[in-house]
Amino acid sequence: MKLNKMKGNNMKDKILASLKRLNIEEYIINITKYQSAQMFFIKKSLDTKRAENTVSYNVNVYRKFEKNGKEMKGNSSVHIYIGMNDNEIDEALKRAYLAASFVCNPAYDLMECKKNDFITIESDLMNYSLEDCCEKASAALFSEDNRNDVFINSAEIFAYETKEEIITSTGIDSGYTKRYISGEFVAQCKAPQDVETYKDFRYNTLDTDALKDKVKKTLEYTLDRAMAKEAPKAGKYRVIISDSYVSNIFDYYTSRAGVGYIYAKYSDYEIGQNIQALDDEGETAEIKGDKISLKLVPTEPISGEGVWQNTLDFMDEGVLKTYHGGVRFSRYLGVEPTGFLNKVEVAAGSMSVEDMKKKPYLWVVNFSDFQMDDFTGHFGGEIRLAFLYDGEKVTPVTGGSINGSILDCQTNMYFSKEMQREANFEGPYAMCFEDVTVAGV
Amino acid sequence: MKVKESEYLKIKKPILKKLLEKLLAKYEYASILANDSKSVNYRVNKSGTNISEDSTLSERGFVVKIYDNGKAAEYSFSAIEDDTVDAVYFEIVKSVENLGNTLPDGTDAYKYTAIDEEELYINESTEYASDPEEKGDNNIIDLLTRISEKGRAYDKRIIDCSVAFNYQKYSKMFLSKKKDLTQNVMWSCGYIVTMAKEGEEIQNGYKPVSMLGGIEVLDTLEEKLEDACNTALDLLKAAPITPGEYDCICEPDVTGMIVHEAFGHGVEMDMFVKDRAQAKEFIGKQVASELITMHDGASTIPQVATFFFDDEGVPAHDTIIIDKGILKTGICDDQSAKHLGVKPTGNGRRQDMTRKAYTRMTNTIFEAGTSKVEDMIASIKDGFLLCQASSGMEDPKNWGIQLMVDIAREIKDGKLTGKIYSPIVMTGYVPDLLKSISMISDSIEAGGTGYCGKGYKEWVKVSDGGPYIKARIRLG
Numbered sequence: 000m001k002l003n004k005m006k007g008n009n010m011k012d013k014i015l016a017s018l019k020r021l022n023i024e025e026y027i028i029n030i031t032k033y034q035s036a037q038m039f040f041i042k043k044s045l046d047t048k049r050a051e052n053t054v055s056y057n058v059n060v061y062r063k064f065e066k067n068g069k070e071m072k073g074n075s076s077v078h079i080y081i082g083m084n085d086n087e088i089d090e091a092l093k094r095a096y097l098a099a100s101f102v103c104n105p106a107y108d109l110m111e112c113k114k115n116d117f118i119t120i121e122s123d124l125m126n127y128s129l130e131d132c133c134e135k136a137s138a139a140l141f142s143e144d145n146r147n148d149v150f151i152n153s154a155e156i157f158a159y160e161t162k163e164e165i166i167t168s169t170g171i172d173s174g175y176t177k178r179y180i181s182g183e184f185v186a187q188c189k190a191p192q193d194v195e196t197y198k199d200f201r202y203n204t205l206d207t208d209a210l211k212d213k214v215k216k217t218l219e220y221t222l223d224r225a226m227a228k229e230a231p232k233a234g235k236y237r238v239i240i241s242d243s244y245v246s247n248i249f250d251y252y253t254s255r256a257g258v259g260y261i262y263a264k265y266s267d268y269e270i271g272q273n274i275q276a277l278d279d280e281g282e283t284a285e286i287k288g289d290k291i292s293l294k295l296v297p298t299e300p301i302s303g304e305g306v307w308q309n310t311l312d313f314m315d316e317g318v319l320k321t322y323h324g325g326v327r328f329s330r331y332l333g334v335e336p337t338g339f340l341n342k343v344e345v346a347a348g349s350m351s352v353e354d355m356k357k358k359p360y361l362w363v364v365n366f367s368d369f370q371m372d373d374f375t376g377h378f379g380g381e382i383r384l385a386f387l388y389d390g391e392k393v394t395p396v397t398g399g400s401i402n403g404s405i406l407d408c409q410t411n412m413y414f415s416k417e418m419q420r421e422a423n424f425e426g427p428y429a430m431c432f433e434d435v436t437v438a439g440v
Numbered sequence: 000m001k002v003k004e005s006e007y008l009k010i011k012k013p014i015l016k017k018l019l020e021k022l023l024a025k026y027e028y029a030s031i032l033a034n035d036s037k038s039v040n041y042r043v044n045k046s047g048t049n050i051s052e053d054s055t056l057s058e059r060g061f062v063v064k065i066y067d068n069g070k071a072a073e074y075s076f077s078a079i080e081d082d083t084v085d086a087v088y089f090e091i092v093k094s095v096e097n098l099g100n101t102l103p104d105g106t107d108a109y110k111y112t113a114i115d116e117e118e119l120y121i122n123e124s125t126e127y128a129s130d131p132e133e134k135g136d137n138n139i140i141d142l143l144t145r146i147s148e149k150g151r152a153y154d155k156r157i158i159d160c161s162v163a164f165n166y167q168k169y170s171k172m173f174l175s176k177k178k179d180l181t182q183n184v185m186w187s188c189g190y191i192v193t194m195a196k197e198g199e200e201i202q203n204g205y206k207p208v209s210m211l212g213g214i215e216v217l218d219t220l221e222e223k224l225e226d227a228c229n230t231a232l233d234l235l236k237a238a239p240i241t242p243g244e245y246d247c248i249c250e251p252d253v254t255g256m257i258v259h260e261a262f263g264h265g266v267e268m269d270m271f272v273k274d275r276a277q278a279k280e281f282i283g284k285q286v287a288s289e290l291i292t293m294h295d296g297a298s299t300i301p302q303v304a305t306f307f308f309d310d311e312g313v314p315a316h317d318t319i320i321i322d323k324g325i326l327k328t329g330i331c332d333d334q335s336a337k338h339l340g341v342k343p344t345g346n347g348r349r350q351d352m353t354r355k356a357y358t359r360m361t362n363t364i365f366e367a368g369t370s371k372v373e374d375m376i377a378s379i380k381d382g383f384l385l386c387q388a389s390s391g392m393e394d395p396k397n398w399g400i401q402l403m404v405d406i407a408r409e410i411k412d413g414k415l416t417g418k419i420y421s422p423i424v425m426t427g428y429v430p431d432l433l434k435s436i437s438m439i440s441d442s443i444e445a446g447g448t449g450y451c452g453k454g455y456k457e458w459v460k461v462s463d464g465g466p467y468i469k470a471r472i473r474l475g
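These protein sequence lines map, in sequence, to chains A and B.
For the record, in the first sequence the residue sitting at position 394 is 393 according to numbering that gives the first Met the number 0, with numbers rising by one throughout.
For the record, in the second sequence the residue sitting at position 260 is 259 according to numbering that gives the first Met the number 0, with numbers rising by one throughout.
In short, the hints are calculated from the structure, not lab data.
If you're wondering where the values come from, they're calculated on a predicted model, not measured in any experiment.
Any given hint could be a false lead.
Claimed, not checked - Keeping only pairs whose Cα atoms sit at most 20 Å apart, straight-line, the calculated PhoX-like set for lysine-lysine is:
(1) A/K264 to B/K155
(2) B/K337 to A/K43
(3) B/K337 to A/K42
(4) A/K93 to B/K110
(5) B/K371 to A/K42
(6) B/K45 to A/K43
(7) A/K189 to B/K279
(8) B/K196 to A/K43
(9) B/K177 to A/K42
(10) A/K264 to B/K70
(11) A/K42 to B/K70
(12) B/K149 to A/K264
(13) A/K198 to B/K456
(14) B/K456 to A/K69
(15) B/K45 to A/K264
(16) B/K196 to B/K9
(17) B/K45 to A/K66
Input sequences plus hints: build the corresponding full structure.
Set out below in structure tokens:
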């Protein structure tokens, strides 16, 4: 990371002057500037190109008051737009400040200022214009589209730069600039049956090799799906999932250890508790499979509330090491705010993918949509493509759905030694569960 | 009362016309869409109270669309003043020239032809009874707090009761060579989410209200509280269902999810352009029971996706998609219509001014039939009443169904037994399900507290619904 002081601007000064005029003592101002280059392809043609150059100003005002002898602090947020004059800004902030007096939340302290920096998150994307980044990602995506039997049906490619500035009444005036490329594509195979596969991507670097690999694998799976005719028979299966679906499973643990869930008592997780071993009655069971070791990693240096964000050891061999989340609920719980850490890193497991495939399995490589319910622990989705190994032969299958519960599976699940790397997840490429219900034919 | 026109857009109109004039001097087509929108979220639950402007739905912004020698391009920006028209113009020209000069090997740029439009003037507003801004934040929060506290006191297993209200009031202006359009719209929504906990399991009950209008939407919210509490508590007793194919009755919100997710996405005609929708091959063919007539349109019913023109300046329609079981047509945005050589249907919608327009649904419904709900339940020997739609995923290519509902209430010998099963995944082939519909109730209900994505992004406000339907459905 390197320093890159964001230039001051007229609207920021106007907002600060208005807050002073109105005697609003506590506030957070978030200024976000977006620039992007976007390309939309249909088959082999660029259908539309877009550019964006926008800015948003969001002001959160806080108000202290007493209610029934208790100290309260309400807040309310409002958008300020370029071109508003002083009177219009005053009126918008006054209304928000009045609204804050109806928000009866127990008092807490905003994030104190520990340091001030403007940081440019280093990336090779900074070496090119956004237009060049978009064109290079497009070239990588289409470089694998050179087969007759399976092809890219359509693609959307975006190159973004965001500049975020956080100014608070506690003295924070910091920010960062970051770039990323993202997008989605659909692969299609017309014979023996017409099928397609949707994939999205996001990279914080110009990782054209990763994108090429994703396109190549997606084209291959789409070809396999075109061969798949039957849904698996209904019953219990040893299920393997891979790719992005693996990361969804860990959302269960990270969500339930968020300070918002803990404060509301949606979750009873305690630091030091083996949360992977909890059964549906809240009792501890023996973990026979792989134990989860997980880190939470920031993708931005500072949160919108002004929390400087660092990598957290979140779970160690199934044991919860820390809660995580924003300022208000952290203050209520008496823990240090961690900010919002968007990237999950999970340690590799004990089995290779080949080991997982030595016994009969249903390996689902593509769902229409995979969902993990943070509250109930249920996970599942409709099967777009899976490989069914019955102990003798591997058959591609499509249709039906899986319906599992993490509470039933978590003590007997295995992670692959092979890893995957995306912008918001680094961890095992695949994982395996025993006795998962499949609704098939 | 009618929603008032934005003073901000009135001031910007002559400035935008200057920009348009310059763009039309250089390009064969140019249009400008401007938006002045305010949306506020109110929520009360055990964790506290929230009043905040919605960061996605609140905006002032502009998007320019041009065709440059047939090639489509857009530019989104936040501000323009009388003295910055030239600067914005040059930014637009630069962005058009700088991007897409180096295309991937084997690709080219598509050139649109027949870029023409008809003269059109619109200046319309929707109506409301009570403006949330005039009602006052304190009164709104007082009502939500009362309902939330009552919900939390209902049963010791209810660990939270979140009660929310949100509205969006927007003015949009569309200017092109032949069009001068203004619309002013307000919709409002509210909901109750109760959470019940036993052991490590948490279940929720969800009851929404929505309408085209203002704070009056909350008039009926409190009466839904008991039902929301009982649903969450019932779900704690739910058992997993034995997978299989069953006779089912779908409540109107589940019907709405079938209409929207299972079929509606499949007739979005930008998917026809990409050859991604099986429906393209079924125009004029039977795709559903002859009891089924399906509509989509911003003018179909007054709901949260009602407007007078879409984000490409096309007037609102009421499109009959399925007429007595026969697929008649899809719905189409303007650019896809140019591709396909058909008329657009007023379905070109953007998430916000920084996003492209796609073909999107608006208010999507099945028409009512003639059956009574009690007769429909009585007709089932061994099946389920499906309630509380939770989520769904489209599959236009293969018409595969993936819909999640929270509750299946058991029906034996024509009577509800009180047993419930959860969670439920509905799967199967869309036309099989629609052709199996054998009874339809005599009135419809529609609502739209959620948002619809195109794949996993591009969220827009939609409503959906219909009558109770009886169908044969595979459940897991």
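Practice problem: Hint by hint, work out which the structure violates, then give me just those numbers in ascending order. | Solution: 4, 5, 6, 8, 9, 10, 14 and 16
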